Every structure is written in C-alpha cells, then in structure tokens.
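Protein chains: 2
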Amino acid sequence: MTNLNEYMTAVGERARRAARQMARADVGTKNRALMAIAELIDARQSMLLEANAKDMKSGQANGLDAALLDRLELNEARIQSMSDGLRQIVALPDPVGEISDLNYRPSGIQVGHMRVPLGVVGIIYESRPNVTADAAGLCLKSGNAAILRGGSEAFHSNQAIALCVKEGLEKVGLPSEAVCLIDTVDREAVGLLIRMKEYVDVIIPRGGVGLIKRVSAEATVPVLKHLDGVCHTYIDDHADIKKSIAVAFNAKTQRYGTCNTTETLLVSKGIADQILPELCDLYREEGVELRGCDATRALVEGVATATDEDWGTEYLAPILSIRIVEGLDEAMDHISQYSSGHTEAILTEDYARARRFLREVDSSSVMVNASTRFADGFEYGLGAEIGISTDKLHVRGPVGLEGLTTQKFVVLGDGHIRQ
Amino acid sequence: MTNLNEYMTAVGERARRAARQMARADVGTKNRALMAIAELIDARQSMLLEANAKDMKSGQANGLDAALLDRLELNEARIQSMSDGLRQIVALPDPVGEISDLNYRPSGIQVGHMRVPLGVVGIIYESRPNVTADAAGLCLKSGNAAILRGGSEAFHSNQAIALCVKEGLEKVGLPSEAVCLIDTVDREAVGLLIRMKEYVDVIIPRGGVGLIKRVSAEATVPVLKHLDGVCHTYIDDHADIKKSIAVAFNAKTQRYGTCNTTETLLVSKGIADQILPELCDLYREEGVELRGCDATRALVEGVATATDEDWGTEYLAPILSIRIVEGLDEAMDHISQYSSGHTEAILTEDYARARRFLREVDSSSVMVNASTRFADGFEYGLGAEIGISTDKLHVRGPVGLEGLTTQKFVVLGDGHIRQ
Numbered sequence: 001m002t003n004l005n006e007y008m009t010a011v012g013e014r015a016r017r018a019a020r021q022m023a024r025a026d027v028g029t030k031n032r033a034l035m036a037i038a039e040l041i042d043a044r045q046s047m048l049l050e051a052n053a054k055d056m057k058s059g060q061a062n063g064l065d066a067a068l069l070d071r072l073e074l075n076e077a078r079i080q081s082m083s084d085g086l087r088q089i090v091a092l093p094d095p096v097g098e099i100s101d102l103n104y105r106p107s108g109i110q111v112g113h114m115r116v117p118l119g120v121v122g123i124i125y126e127s128r129p130n131v132t133a134d135a136a137g138l139c140l141k142s143g144n145a146a147i148l149r150g151g152s153e154a155f156h157s158n159q160a161i162a163l164c165v166k167e168g169l170e171k172v173g174l175p176s177e178a179v180c181l182i183d184t185v186d187r188e189a190v191g192l193l194i195r196m197k198e199y200v201d202v203i204i205p206r207g208g209v210g211l212i213k214r215v216s217a218e219a220t221v222p223v224l225k226h227l228d229g230v231c232h233t234y235i236d237d238h239a240d241i242k243k244s245i246a247v248a249f250n251a252k253t254q255r256y257g258t259c260n261t262t263e264t265l266l267v268s269k270g271i272a273d274q275i276l277p278e279l280c281d282l283y284r285e286e287g288v289e290l291r292g293c294d295a296t297r298a299l300v301e302g303v304a305t306a307t308d309e310d311w312g313t314e315y316l317a318p319i320l321s322i323r324i325v326e327g328l329d330e331a332m333d334h335i336s337q338y339s340s341g342h343t344e345a346i347l348t349e350d351y352a353r354a355r356r357f358l359r360e361v362d363s364s365s366v367m368v369n370a371s372t373r374f375a376d377g378f379e380y381g382l383g384a385e386i387g388i389s390t391d392k393l394h395v396r397g398p399v400g401l402e403g404l405t406t407q408k409f410v411v412l413g414d415g416h417i418r419q
Numbered sequence: 001m002t003n004l005n006e007y008m009t010a011v012g013e014r015a016r017r018a019a020r021q022m023a024r025a026d027v028g029t030k031n032r033a034l035m036a037i038a039e040l041i042d043a044r045q046s047m048l049l050e051a052n053a054k055d056m057k058s059g060q061a062n063g064l065d066a067a068l069l070d071r072l073e074l075n076e077a078r079i080q081s082m083s084d085g086l087r088q089i090v091a092l093p094d095p096v097g098e099i100s101d102l103n104y105r106p107s108g109i110q111v112g113h114m115r116v117p118l119g120v121v122g123i124i125y126e127s128r129p130n131v132t133a134d135a136a137g138l139c140l141k142s143g144n145a146a147i148l149r150g151g152s153e154a155f156h157s158n159q160a161i162a163l164c165v166k167e168g169l170e171k172v173g174l175p176s177e178a179v180c181l182i183d184t185v186d187r188e189a190v191g192l193l194i195r196m197k198e199y200v201d202v203i204i205p206r207g208g209v210g211l212i213k214r215v216s217a218e219a220t221v222p223v224l225k226h227l228d229g230v231c232h233t234y235i236d237d238h239a240d241i242k243k244s245i246a247v248a249f250n251a252k253t254q255r256y257g258t259c260n261t262t263e264t265l266l267v268s269k270g271i272a273d274q275i276l277p278e279l280c281d282l283y284r285e286e287g288v289e290l291r292g293c294d295a296t297r298a299l300v301e302g303v304a305t306a307t308d309e310d311w312g313t314e315y316l317a318p319i320l321s322i323r324i325v326e327g328l329d330e331a332m333d334h335i336s337q338y339s340s341g342h343t344e345a346i347l348t349e350d351y352a353r354a355r356r357f358l359r360e361v362d363s364s365s366v367m368v369n370a371s372t373r374f375a376d377g378f379e380y381g382l383g384a385e386i387g388i389s390t391d392k393l394h395v396r397g398p399v400g401l402e403g404l405t406t407q408k409f410v411v412l413g414d415g416h417i418r419q
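Going down the list, the sequences are from chains A and B. Using the working numbering, the first residue of the first sequence is number 1, and each one after it goes up by one. Using the working numbering, the first residue of the second sequence is number 1, and each one after it goes up by one.
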C-alpha cells in the first residue's frame, strides 16, 4: 500500500510536470507526434496482436463472456481504425491558445479569454484497448497530459499501445510522460487516482454504469461523467405523419446498445391513432418488444404494460416504452421527471411548439425533427469525442477537444494602474 | 433532525420547481422583477434598518469584532447601493437562450449551442447582508432559482431583504420560490444543502477560507470556489522602469484586503538594482512591511528574510515578499510552485516574453503591463460578479451572469434519420 501510494504519487508528479510542457507545445509538434504514434501502431500490428492474444487467452481462461471478449479483441481492422483515428485528430484544429472577445475597457486595458488545456486528465476505462490510443490522442492534441487506467483484462494490449504512444512522443521531442499508463492491476490504484487533487485536474470514467457511479461517489477530483441515456422522442399532434414514423423508427432501431437510442416514445393523443398502429407494426417486424400506458394498450393490441420502472429505464435493448400524453406540457413534464438529461427530440411542424421544446427541455441535446441517434461527437462535427457528459457544469453533451480545455482571462495593458 | 431534513427537502423541491419556471421567463419579465425588488428595497429602507439594528444589537451582545460588525451593518448608503446594484443587473444582457455556432452538418441537420440556466444555485455566505440582494439578482437574471443561506448573525437583515425579493418576484408573476432563504439558524442545514444533488446544481460559497474549505471538502454537489489569491507581479529585465514601479506599487498598495492584490514581487536580476531601491522606498513610505530573498536583502537594507511559508501566503495586509530571479523561466517556475492560480502579471516591453508569459502561466487571469488589482468582474466588463473562481472546470476567474449558465446542444432537422 505504501508502495502503491509512492508509485501513484510519482506518476502524478511526472504527469504534472509533463502537462506544463504539453501546454506550451505548438500544434505542429503535437500533430507530428500523432502521426508518429499512428505509424508505430501500423508498423507494430503483429506485436499488438500478440499482446492482445495473451489478454484474450487469459480472458477465456477467466471465463469472460462473449460480449466482453468481443470488446477486448484486437484485429487488423481495429488496429487500422486506431491509427486512422489518430490521423483524424491531426486534421482537427488545435483549440489551445485561441484568444476571443478581446475588448478595450473604459480603464484602457484590453480583456479577453484564452483557451488553455485543463492540465492532467485521468481516464478510467474498461475492456476496449482502443481507448488507450483514442484518449491519448485527444489529450495530446488538446495540450493535456493523461493518466490512463485501463481494465486489467486488457493489460498486455494497453501496454503495447501505450509503448507506441510513448515512443511517438519521444520521437518529436515531447515528454513521453505526457501519457502515463498505470501499469499495476491493483484495484486500489483507481481509488488513489480519483483523489489526487494535487496532480489530476479531471477524471473521465468510460465504461458501465457501475464504474461511473463508483468513481463519482468516491472522487474528490472533479468528474466528467456520462451516466445513462433515457432518451425521449415526442410526437406532437402537429407532426408530419410520414416523417415522424421514419424518425421514431430510426431513433429506436438504428442501434440498440447506444446511449442516444430512444427508450421512451411519447405521442400526443390527438395524433396517436394515426401514428401508433403503423409504427408499432414496424417496431414489431424489427423485433422490438413494446410496453405501453393504458391508452397505448387500448389503441394497439398486444402491448405489455409499462410500469413506473420502465419510464426510468435505459433498456439498451430492443424494448420500447410508449406513452400517450395530452400534449406538449404533459410530454415535457414526463421528460422532466424521467429523463436522464441526455437527448430528447420533438417531432412537429408547429413553430411555436418546436421553439418551446428547444428552450424548455433541460437535456444535453434537444432536437426538432431529427433522430436522437444523431447525438454524438462525429455527427456534431467535434471530430471525435472522449465521452458524452450529462452533467451541467463545464461541458454538456458530446465532449471533444474543446471540452478538454478551459479558458483563462488575458489582460493587456501599457502600464495601467487601478484608480 | 428529521424535521430539518424534511424542511430542506421541501425547500429543494420548491426551488427545483421554480427553476423550471425561471428558465422559461423572458428577459422583460425578469427585468421588471429586478426593478420591483429595487423599488421595494428603497421604499422599505426604515424597515431594513430596523431589522439590521436587531442583528447589530445581538452581534454586539455576542461580542462580534469590529470588522465583522462593520460588514454586518446596513446604512442608507449601503441600502441604496443594493438597489443600485439590482438596477445595474437590469442593464446587463440576458445570456439565456443565446444560440451560437449553428452550422449545417454533412447529414443535413443543423447543430448549435443554446445557453441555458444551471438550474438551482445554492449560495452560502457570511455576514454581509447585501449578498442576499446581489446573489438573488444575479441568479434571477440568469434564469436560475437560488437557495440562500446567510450567516446567522445577519438573520433579521437577510429575512427583510429576502421579503423584498419575494414580493418583487410575485408582483411580476414569477414564482416567489425562485429565491428561497433558509430561515433556520441550524448549522446542519448547510451540511444538508451541499449534499442535495437532486435539488441543487451548484454551490457557491462566499466568505472566508474556513467556510470555503469546509464546504468544498464535504459537498457532493459541484462547488464553484474561490480559495485564495497569492498573486504575483514579475518585473522582467526588459521592463520600462517608470511604468513598472507605478504598476508594482499599485498592485500592492491600492487595497490590501482584496484577493487580487499582489503578495509576491518577482524581479529579474538584470533590472533589480534599477527598480528595487526606489520601489522599496515607496512601499515603506506607504507602510508596507518587506520580506525578501537573500539577493533582495543584499540590495536593499532593512528587508526581513522571507521564509518558504511567505511565498505561499496570502497576506491580505501591508506585507510584501520580494524575490530576485534569474529571468522569465525562474519567475514562471516560482509562480507554478507557489501561486494559487488567481492572477499574475508580467511587466515587460519584450514581445516574445510577454507572449510566453501569457501562454504558459496557468492562472485564472494573466496580465501584461497592468496591475493585478484589475482582476474583477466590474473591471472586466461582466457588470457584476458572484465570485472569482480559481477552479479550472466550468468557469475560471470572475464569474458573472454567463458563469451561472451552461450550454446545451440544439439540433434542427426536417425528418432526418441516421444512416
């Protein structure tokens, strides 16, 4: 335990020191580092596959289930997509150093904002080894140092990827300690990491709800978290029927396991009989299990009863809860009560209702006439995302490079003193 | 205890409900409420003075010291400045609802940001009763609900001001519960408030370091805090001597008790002998006690020795520590080690060094050729400030209306589905 403490403190000190160097690195150097890492990952494909084979073997021996093993597995395509991801980050503009709103004040000083890195970002993640490359790339480009703590099941894969990162950094003269992979499987390391306020500026947990809840409950370092996505699509009675059916169908069925998938469909009672029979048939053809309120069940045969628990559940599965509401106000009340604050959409052709929904619904993404499935960093043009925040402070919704930065005030004078 | 729990939960529920109404209030209504509150405060001057007299009387009986009693006291001028402050907030633009960066994406959807209130803001403060009006005004204008917890010594004054706020809100049809003053002096109420994650979105402690540290350590709700201001002014060897002496003098002596006052002066050794003898004379004429490094003491007679503790101390008093450094790098190393991250200034005529200092110093305000005393919300043009954040996340430096808001993504489509 003392050894672990010492080890973690040493990691923190190294990362803090590297963070100062990263903060002043210019964009050309950072981009060359990203390219060098991408090349190393490509060149060492067979080494990465070997390391991953070790993890897969012990995963199988430890009885990991098929889904976990799938997330853990690296193959040629996945390795290629890691290096491609790094090359995409090269193409993104560097947010660091941008000065905005620089204005003269009556005193004569100029005051503005400068965008700067957060400092040291701690990332705690589970099985997918590609997070090692993605997270390192995003932190590097945004001028931060990163402390990475991957899942123990991916130990060898993560080590092999982290070696590419370190060598790439060194190649261009950046400190290899800008990306520190914690190389102990001791679970207590996480407990220490999330309390190292002196060395870590923000913790980003990436993984299941269990991990995120535990980290949030115990961390004293601020946490950027994405808990769950109980997303709603509301079909207003001024909706276009054909468009709405297509969008509501897509929002549920385009993928099931993603946090931006619609889990509850709200339908205004004025339009329910024109929408639900046809839409429910489509869902069923796709194999979606339907659970509804009494009014829904009266309108569509064979729909199971939705309980109060259903309204608050992120299914991540081909299950949909459906509720018929009086209109916009009841829909927004339902959302206010049950939403996790991730993403909600209204489908309507009515200008005033669209405007109210956009203003009044308090979620990280609010949409009009679009599938909730659009809520992610790539679709929004952030280029890449390190997570999706359902918190309100600092950053909300998909978090890209800018979310890994903060702003400081800059003041320019010419010998100005305060009167 | 159960009663207190129930009471606080009821307050939280009321504030949360009111927050939804405040979020959709238009700027005209919010401004009318601010004007109504200002008028009530003016009209009830004698009532406020009476309430304050009760607090002053028990403060004296309880042996509060002169400084505390001074902060507690209301008089005609202070009451006038409360209502003037509210009228100034009327003049500020409403940040809520601003849509920015609305761009078309390749998929055809439009994606942008909308600025929205945080929700419920909890403010914990000490003796000054004017905070009740200031904080209520800023939260109201930014579309938030506020839960206020003032110091027990200002109980009657705060109640009387809060009554004006509530009546002003009601007068224009806004929920009076948008500003809830906790009307128990039970200290445990603070402990509950800072853990009511369900009802409170952010806690802002305003007061001494003791209060802020306790709140930060125990809160599970995110805290926007301003801890202390160990601010530095660095005089580079390419500084203009006359300007630098004037700025460094102002930065220390314009006021002593403020967090943006310079506490440590760093001087490059190449210019120290042209600066320090004259500047130290000026400080001494003003009654400032000087503590310095060995080199400073060799250059200027009668300077006491600065200990390692001095470098990390916010004096809030006519004391200054002085260190002679090799140059820019050593100055920035010193700042990195001892600064509280509040405000630092470089005095130089050298372009490249000014540019490096601006980029590399990691504090909430970084200045060139200006007095650190400028670091506040009024001087920066925020109009008013609810505090100065030395945190990195969410908001940094003086926090005005915008710091009391967050951004959500808005997505506009026309039946768009994800492929």
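To be clear, the hints were calculated from the coordinates, so they are not data collected in a lab. Quick caveat, the model's predicted, so the values are computed rather than measured. Any given hint might turn out to be false.
If the Cβ cut is set under 8 Å, some of the chain B residues that face chain A in the computed set are [said to hold, decoys possible]:
1) V90
2) L92
3) P95
4) V111
5) R115
6) N130
7) T253
8) G257
9) Y351
10) S371
11) G397
12) D414
13) G415
Footprint (simulated), chain A over chain B, 3 or more residues, beta carbon under 8 Å [what the hints assert, rightly or not]:
14) 301–308
15) 399–413
Note that CB positions come from ideal geometry on N, CA and C, so glycine has one too.
ask   = Which hints from the list above does the structure break, by number from lowest to highest?
value = Numbers 1, 2, 3, 5, 6, 7, 8, 9, 14 - these are the hints that the structure violates, sorted from lowest upward.
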